[in-house]
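Chains as they are written, first to last, in my numbering: chain V, 1 to 235; chain H, 1 to 225; chain A, 1 to 225; chain W, 1 to 361; chain Y, 1 to 361.
Keep in mind that the hints were calculated from the coordinates and are not lab data. Hints may contain errors.
Claimed, not checked - Restraint ranges, calculated between C-beta atoms of paired labels, are given here:
1. P134(H) x S13(Y): 46 to 52 Å
2. T277(W) x S13(Y): 38 to 44 Å
3. R293(Y) x T277(W): 18 to 24 Å
Claimed, not checked - Which residues of chain H face chain Y? A partial, calculated answer using Cβ under 10 Å:
4. L13
5. L16
6. R17
7. A20
8. T21
9. L102
10. R122
11. S123
12. E125
13. A127
14. S128
15. T129
16. G131
17. D136
18. A192
19. G193
We put the beta carbon where it would ideally sit given N, CA and C, even for glycine.
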Amino acid sequence: QTKISVAAAADLHGVLDRIIETYNSEHPGVQIDVVYGSSGNLTTQIEQGAPFDVFFSADSDFPERLVRNGKAVGKPLQYAEGHIVLWSASMDLKGVTVQQLTQPRFTRIAIANPAHAPYGKRSEQALRAAGVWDAVQPKIVMGENIAQTAQFIRSGNAQIGFVAESFARSPEAKGSYVVVPTSMYQPLKQSFVLTQHGANAALAKDFMAYVQGSKARAVFVQYGFYVPEIAAPVH
Amino acid sequence: MGAFSAADTQAFLLTLRLAATVTLLLLAIGMPIAWWLAHSRSWPSRVAGAVVALPLVLPPTVLGFYLLLLLGPNGWIGKMMASMHLDTLPFTFKGLVVASMLYSLPFVVQPLQGTFEAIGRRSLEVASTLGAGPLDRFLSVIVPMSWPGIVAAAVLGFAHTIGEFGVVMMIGGNRPGETRVMSIAIYDHFEAGEFAQANTLALSLVVVSFAALLAMYLLRRKAKA
Amino acid sequence: MGAFSAADTQAFLLTLRLAATVTLLLLAIGMPIAWWLAHSRSWPSRVAGAVVALPLVLPPTVLGFYLLLLLGPNGWIGKMMASMHLDTLPFTFKGLVVASMLYSLPFVVQPLQGTFEAIGRRSLEVASTLGAGPLDRFLSVIVPMSWPGIVAAAVLGFAHTIGEFGVVMMIGGNRPGETRVMSIAIYDHFEAGEFAQANTLALSLVVVSFAALLAMYLLRRKAKA
Amino acid sequence: MSAANDGLRAALSIRRGALSLDLDIALPAHGVTVLFGASGSGKTSCLRAIAGLEHSPGTVTFKDACWQDDARGLFVPTYQRRVGYVFQESSLFDHLTVAGNLDYGFRRAGRPSSIDAARWIDDFGVRPLLARRVAALSGGERQRVAIVRALMANPRLLLLDEPLSALDGSAKTRLLAELERLRTTLPIPLIYVSHSVEEVARLADHLVLLDGGRVVAQGPLQQTLARIDLPCALIETLGSVVEGKVSALHRNDNLMELAFAGGTLCLPHAEETVGQTLRCRIDARDVVIARDRATASSALNQIHCEVVAVIAADHPAQCLVQLDAHGTRLLARITWHSWHALGLAPGDAVWAQVKAVALGS
Amino acid sequence: MSAANDGLRAALSIRRGALSLDLDIALPAHGVTVLFGASGSGKTSCLRAIAGLEHSPGTVTFKDACWQDDARGLFVPTYQRRVGYVFQESSLFDHLTVAGNLDYGFRRAGRPSSIDAARWIDDFGVRPLLARRVAALSGGERQRVAIVRALMANPRLLLLDEPLSALDGSAKTRLLAELERLRTTLPIPLIYVSHSVEEVARLADHLVLLDGGRVVAQGPLQQTLARIDLPCALIETLGSVVEGKVSALHRNDNLMELAFAGGTLCLPHAEETVGQTLRCRIDARDVVIARDRATASSALNQIHCEVVAVIAADHPAQCLVQLDAHGTRLLARITWHSWHALGLAPGDAVWAQVKAVALGS
Ligand SMILES: Nc1ncnc2c1ncn2[C@@H]1O[C@H](COP(=O)(O)OP(=O)(O)OP(=O)(O)O)[C@@H](O)[C@H]1O
Ligand SMILES: Nc1ncnc2c1ncn2[C@@H]1O[C@H](COP(=O)(O)OP(=O)(O)OP(=O)(O)O)[C@@H](O)[C@H]1O
Ligand code: MOO
Ligand SMILES: [Mg+2]
Ligand SMILES: [Mg+2]
């Protein structure tokens, strides 16, 4: 088998492509297709029979839901930890805190949809922790997933918003960002799982092992993720 | 079956408001355009025909992509609006109206054009000899004679706007009461795994729509008989 | 401007294949349906009219939602297909064809119905007296006389399929060469921040589409003249 | 009316809005049947029912085929009846040229070699129009194309709904002559709707008179014309028809003599030959009644007759005098003033004077 | 043709496919002008250009208004010309009832009280149809509705394109009588397209003859009819028209006498009154020429005439004899046989015999 299909959370845009590139250079002749989306969307699709072999979620809840439903095999494994930042393409955010988002100069605040994008859920946690969730409601615009949310900010349509740190630190990213203290939200235990569809795919298992290897972890770090010392089963 | 939440009701009403606004505006501008396209054989009208039809073949995501760039604060329309101290259009109801009008224009113009082309010149000539000027002829001959086409245009325009998802996804921002229309709300429920709520919402839309369509069909046949 | 990658080419061709397949199938089944709707005044035909029009007012997400529930491994059609050892339809090209046909059906039927209604009975009566049976009359009278309507139906159906995003998003699964159509590919580029590639792809679609539309418009006017 | 009929038999009950027409007709398998009646009397409705374009309850049989029998649930669709139909209003296909229109039925009939299409195209003056679009034809041109188109479809029965009403005098004369020729050469029966007396006289072998929603009379032309129980307006419009044999030609004067039981009529000669059977209609108003044979008058024909009856004409000043010339009925419309001045009474012997030219065209 | 004209003046160069018609006509401000010509001679094209439905190069003026002057780039659109137009083919609005059709132009004319709509509706027999859908009308009914609709739009000029061709005999007679009445009561000019001689004779005050793409003659009716330079076929179809005054009524016989310069004609009487000017057409074939005055004949009218000229008629057996009855031209169509038998020659004194009934309807 030379071809597998991977479903990945939208925050992995870039980093996963890079990892597959390096994997490919070591395993010529194999093909790994990636589909990005919000973790919730991908989970629902897998539940409905979408033929993905591996699922990279932005958190650990969605992979666990798949395991519970019998749509995935084995335990979800954490491959990285994700953090959120406040990012703007046009403003200097030095010293800006989440509390200050109520200021009138921020007319539009972009977040991912908390209903099915883990990054959105974390953004909501941070806003609630700051006590401004209700106050900023009229300014909130939601992206379907974190990548679309980043687009709202990148194109200037929203002056500011919450994105994965990886987006704000990517080489092409313009503007400035400030880190949101991890005390204000639960950092994302980004986990992946082998799906029912991929249960017998040797290539999938091999690729999953590769992702946990040191080379891949280096790439994650390079793109702004945090990598746990040991890729141990979550919980 | 899940409950019909206040948020869902809001999405429902917003959708109807959007579709109604867009349909009325489109009928108003679509009729003269369709008439022109139906009866002129000049070069400009042919090119215009193709331009009007363009949104037909553009995926909503393409349209949304360009609209976001064009209407956003860095786009030239966005800059123009900002210089006039107007809000930029993305993430607003007005923005959805503009986008949906662009998107649904051909769906209104095409059926109108089809019926207009089917109306022979004779009826218009007769009306002229009976003293009816151009506008009068339009209202007293063309409109009643092309009634089925107008109904079709309105239904297509309305429906296409209700069903619009891609463009709204790109430039809506999912704002309750402003840009969170039904299609988005259902998608959200679905993605969140809230099948019951998705089902309630979808079913209510199906029932209401079907009732409206059926009524329209029965009325339309009555009018013909 | 970004490069036109192999993946993009694949998406482009896949989209054209999907739209062409769907349009041909829809014209084939849409014509008899439209004729029936245009000329029968029976109750069943009125209800059928409303049913055919239903996808018009359904957001693609609703349609996609129900299709997924119905065609998926837990839906009754899905189970039926599984018991016949057939692949389930969601996330396959065939599935997209089925979904797009449902979705675009009214866009083909409505303009056809409009032109068919505009054709008087007399021409058909004349053809009867000249020995033309029902199918013959259809091909030799109705089709040539309703040419503008048929072209409109084909263009609308084709375009609506090309532009489809919501349904594909729900049941496509974004599989390269199988279900990753243009609208999805552009959205992906957009999300990935690959504006240049999104732009290339979108622009190529615009250019090709506009050329096709323009050619069609010019031809159509020629035929009329 | 016999049930065993080798022509067309239609028993239909036609209801359309105000119209309520109970039709029961039996038409011969050959020759021309004219359906005659006022506007709105149901002529078109009748043709449509025969062609199967309208389904009125009843039965229709044609020769060996049963086209409609509601008792048996039988209704043969129009296209299988092979009836040619020339509609009252123009009915050409807009999307085809004239040639395309003509070929439409011709092709479907299998372009039979028995059909001399070229001749009809010439006879009806359609050749110069072949390449035209239908929209570029005048009213008369359209109708000619429609007639040729119907003929070329090789029908078993030809229905014509006032085919000449859109034509002007000379075109009408030409077409009428053409139709008269068709009448003798076409091997199929024609049903011809008309409210023109001239057309009736020239074409009809068989006459069906419609009035007030019913068939007031039907039968062979002569018999029907001789009936005195018909409304006088009808009798008057119909006039009389003399049928005889050409007995002599006067080539110098371009005249010929037509011999019939009641005598000889002198009338203009065209291409007729001696011995040929000919029919000639005499308008009641063209007949002058005189007590004596006239001399030195341009009224060439003087026929000795007996006055049979007199009835009031439509106009109060006039009366209709039925004359008998050895078995042939003649009809004269004269004023009551003349009737009295001449002291006429049934049984009187008189001379009926008819100008040769009145008998001509 | 004077440039200062208070009626309609049209100088147009009409090109439509094969048709190439150079029109230059000046019509009086009152009365009926009949455009007469064969099928395809351009009558309809002409009306359309006058109504502004077609833009052929040239100029059109009507009374004080200039409707078209290409030199000045002027072209008044149809709806501002206020011309009534009755089309050759039915042209009712399908989406309206009969009443809706009638009201369409009436409303736009401001429903003027000067228009006695109710009377026209009754006169043309349209009242029972008012609530009908247009699809449920017979051919004749449609045309009647179209005429009333045009009248009710209160036009300044009425154009009628063969309005009677779809009608049967009796309906035609009735409508023709109605149009004749209109002719005298309507204060506006009518242009009437026709190829029926009867209609010409009954309605025309002014005649425009079209043939082969040009105007072969135009002018007041009598003058135009008297011209001998016209094609004989035309002369023959036109016949002659006698205009005189009603001089006596014979109520018992329902007859009346019409006195004119050449004598007296006796003809059926309807509602005419003594002193009324009346016009009566005499078909050439209805005139019998005799050397002597006939006695005991039902031919009531005998007029003393002089033979003016003889020309060959269309049929080789026949000739057309022009007679002069004290200034009124009469035309007789007789056979050459009779011409020779009677030994006629120009200058001879003869009796022209015409039946009273031939003059009637
Ligand atoms: N669909 C209809 N609904 C109601 N009445 C109708 C319908 N069709 C015809 N009629 C009426 O039926 C009568 C007969 O119509 P038909 O067309 O058969 O007459 P016709 O004899 O052909 O007359 P014409 O010589 O004017 O063509 C008319 O009075 C007409 O108004
Ligand atoms: N659009 C056109 N293109 C080409 N030829 C045309 C067009 N319209 C009319 N003609 C031709 O012009 C001629 C005159 O047409 P028109 O309709 O004016 O004749 P008409 O005198 O009204 O005849 P009719 O008595 O048959 O109605 C005809 O020979 C016709 O074929
Ligand atoms: O699952 Mo996401 O990356 O929060 O859209
Ligand atoms: Mg009829
Ligand atoms: Mg004409």
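We went through each hint and held it up to the structure:
| no. | hint | result |
| --- | --- | --- |
| 1 | P134(H) x S13(Y): 46 to 52 Å | 27 Å, violated |
| 2 | T277(W) x S13(Y): 38 to 44 Å | 53 Å, violated |
| 3 | R293(Y) x T277(W): 18 to 24 Å | 39 Å, violated |
| 4 | L13 | 36 Å, violated |
| 5 | L16 | 31 Å, violated |
| 6 | R17 | 33 Å, violated |
| 7 | A20 | 27 Å, violated |
| 8 | T21 | 29 Å, violated |
| 9 | L102 | 33 Å, violated |
| 10 | R122 | 6 Å, holds |
| 11 | S123 | 6 Å, holds |
| 12 | E125 | 5 Å, holds |
| 13 | A127 | 7 Å, holds |
| 14 | S128 | 4 Å, holds |
| 15 | T129 | 4 Å, holds |
| 16 | G131 | 4 Å, holds |
| 17 | D136 | 7 Å, holds |
| 18 | A192 | 52 Å, violated |
| 19 | G193 | 54 Å, violated |
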